[in-house]
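Q: So you can see what is in the structure, the chains are spelled out below.
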Amino acid sequence: MIRRLAWLTMAACVVFVAIVPLVYVIDAQFYRETRVGLANDRSLVAFVDVFSSAEYLGFLANALVLAGVVTVLSLLIGVGWALVIGRTDMRGKRTWDTLITLPLYLSPFTGLMAWIALGSEKTGFVNVVLMAVLRPFVAQPQPVFNIWSYAGVVYVMTLFFCPLVYLFTVGSLRGMNTALEEAARTSGASPLTVVLKITLPLCMPAIFASGLLVFILGAELYTIPGIIGSTAGFTTLPWRIFQDSTAVPVHRAHAAAGGTMLLLITVVGVWLQGRLTRVGERFVTVGGKGFNGRPLSLGAWRVVAWLALAGYVVAADLLPFGALLVSSVMKYSAGVITAEVLTSKHYAMFFTTQNMLGALWNTIFLAVLSGAVCVVVGFLISYSELRRPGWATKGLAFLAVLPVAVPGLVYGLGLLWTFLRTPLYGTVWILLLAYVAKFLPYGVIVSRTGLMQLHPELSESARMSGASAGRTMLSISMPLLKPTLMAILFFVMLMSIKELSASVLLYSQDSEVLSVLTWHYMDNGDYQFAAAIGFVQTLIMMGVVFLAQAIFRVRLDRAFGRETPA
Amino acid sequence: MSHVVLERLEKSYGGVTAVGGIDLSIGEGEFLVLLGPSGCGKTTTLRCIAGLEEITGGRILIDGKPVSTATMTTPPEQRQMGMVFQSYAVWPHMTVFENIAFGLKLQKLSKAEISARVGRALGLVGLGALAGRAIHQMSGGQQQRVALARAVALEPRVLLFDEPLSNLDAQLREYMRFELRQLQQRLGITAVYVTHDQQEAMVVADRVALMNKGRIEQVGTPKQIYRHPASLFAATFIGLANSIAATVVGDGVIALADGVQFHTEQRGFSIGQVVRMIVRPEHVRLATEATLNAYPVVVRDSAFLGNITDVTVMLGATALRAQPSPAFDFEPGAPTTLSIAPDAITLIAE
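These protein sequence lines are chains A and B, in that order.
Quick note on numbering: the first sequence equals residues 1002 to 1567 in our numbering.
Quick note on numbering: the second sequence equals residues 493 to 842 in our numbering.
Note that these hints are calculated values from the structure, not bench results.
One thing to keep in mind: the hints can contain errors.
Among the chain A residues that face chain B by a calculated CB cut under 7 Å, a handful are [as the list claims (entries may be wrong)]:
1. His-1456
2. Met-1465
3. Ala-1468
4. Leu-1481
Remember, predicted model here, so these are calculated numbers, not experimental data.
Just so you know, even glycine gets a beta-carbon here, dropped at the ideal spot from N, CA and C.
Please take these sequences and the hints and turn them into a complete structure.
A: Here is the structure:
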């Protein structure tokens, strides 16, 4: 009885946190707008405007084209890396694997900040260095890079999204039965023919699924296209939604309608992706374990592959980290580093200002708490779904996973409007709700996958030994799933630390977090202070990654369940 | 020691009936085997006794007290039963000792009592020295013994076995049969054992309940079922059997299709009734001087198997399998004689 009550309470909370804000967003577009919010009477103006005006459809097209370009480039690079790591005699695969996937656990927005320091036209470090190198040969060297451009946005997004393609594809390659490839070899196919005609076609479901995922993430992202686009002169739909909801006068119904439009795209995308993944599993379960066939010999191409990989690692891991550090100790943007521009005042200020330390504390507090909640609630939901299948438990699991398809921006809006008039508004608790709603799906999906691999007899034998259902869960199922649960914990912690889309909408003076501060100072043009905060944020995330992978031996990449976006 | 009674036990999933209303009584200290082909409902029946499945009809009583009805299920942890699973289901995150002590700790026994009982249980299964081992360091056979020790250490009222030997290799499987039987005899615990292996069943069982399609075909000692199968299914599932269509032509006399007659001891059929004549291959005697139920036959195939020869002979158009022992050679095509003792023939009404 008590257990049933507890379950019902949990179910009600999940529905309230995960579903109500969505309903709010969808409903809000059908009201008349005022300068500060919504009037009480219904109106179709915003809905019609967003869904049929050339202006908004243009924003949509911009977002889709941008996402499309990023997707194609990420696929080319990600699949390339996967083949090199998964199928060739490249040396040091484990190290490369770690370095290629590292950007997944870092913040793309921090990456943007670093690349602004590196790739700005006049003061970017890369441009300054390249121009110095070119000066003896070219009369008037022009800057090579300009991050403040469409190409700049594409570049940074691709840099941070292609590891996803890599992860999915290399996973599929590892699960593939190599006898399929060996059979092609014995049928007279050259190694290259095997890759093109056998290996890649077999990976297609994984490749498509990851491409779709990158497309969804690219289409819903507003931070990077927003910061650059407002200078470079283009606007995507998510950025417009953000402006509609935050810039005075607000257009809340427009924002809601735009959010709904975005939601439609992501829901269809995630649904398609889920289907593809299922198709993919049908492909892969032909499989064996591990690649034990003879790897493809790269020969002279090994140098080329090595240089390409090294270039990527430098661009995605090393340079951003270095650039953040360097620009965080500078007084202003300058291409040349001299003693006179160096300063430690940003860090001094960071570590002495009350609200900075507050933000640091909030970030860590929220990360740990949302991680813990997602592990426990996610586990309980999938446990009750699998051990007590019924419409209620399955329905709850479905609802809890649903937010996987919801852009952070839409969640932010929904939670903001839902809790505007409650005491929760303006506290860290509303951020916690946002993180839990957004990341609970990982908790459910990943623990479900883990539970399904546990033989039910392991639990049944505990029952036969005299343990109650609850005791069995605590003493048998949870300890056996410890690696999986730890992976969820650390993964959600990382996702929470880097979460920006919803946080920007929900933060207030007393509930700032590091990611929001970087955004705030970037927006005000104080890049150096933003870099200092970004550097601290990155250090924390690297610390969590290190803690997870080196100390606790957690396979973080496992948390990217095949059907879950990053 | 306890006795278990199943009354009209029914279990269906959605519209599919897994167990279709069976009655069975298992006496104190008895070793009962539920035997049958896969999908016959034997494992479901066992899981219902364990309380791992809720039943949809009938009752299960232990020592006269109902533990399962269509509306009430005593949870498994309150039934005081031990169970050995097919996958062993020993917990890989615990040592051997912790696995066995798990249930004892839940009973809030003293430390000394727990370690004494774990030690005794490990001694019983011959793993006395391995208490501190991690599970992944053990072979399949050893894990199996841990699972057995874990079930026994609880001193349960009933021991349940779900195909416990099916994951072991053939040699170990044969050895463990005898061990299991001895252990159960020594402890005197009531045991219910599920298997699809008829030889295994015959080694361990006091009585066998032969199941088919959710129903019990026959209950009896292995000897009873082998000697007097109640159905064609029972005759062919346990041991080899010649099964030949025949018609009753007189009191204790039947005739095959081509008119060849056999005398039988089994009576009680009406003249003209169509029956099946069941004869075990070892009861088909070849090259004998007997005169009753004796006919000339021709050898069709013959295979030397060491302790026996597997011979197929043609009695007119009817093929009969014989397994004479000690083995000696029969040339295909050679004529010989056949005889079957009247008490070796079982008749089953069609």
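Q: Hints first: check each against the structure and report whether it holds.
A: Verification of the supplied hints:
For the restraint placing His-1456 (chain A) at the interface with chain B, the shortest Cβ-Cβ distance is roughly 5 Å, inside the 7 Å limit, so the hint holds. Here the hint on Met-1465 (chain A) is kept, as its CB sits about 4 Å from the closest CB of chain B, short of 7 Å. A cut of 7 Å between beta carbons decides the hint on Ala-1468 (chain A): the least distance to chain B is about 6 Å, and the hint holds. Here the hint on Leu-1481 (chain A) is kept, as its CB sits about 6 Å from the closest CB of chain B, short of 7 Å.
Violation of the numbered hints given earlier is absent; every hint is satisfied by the structure.
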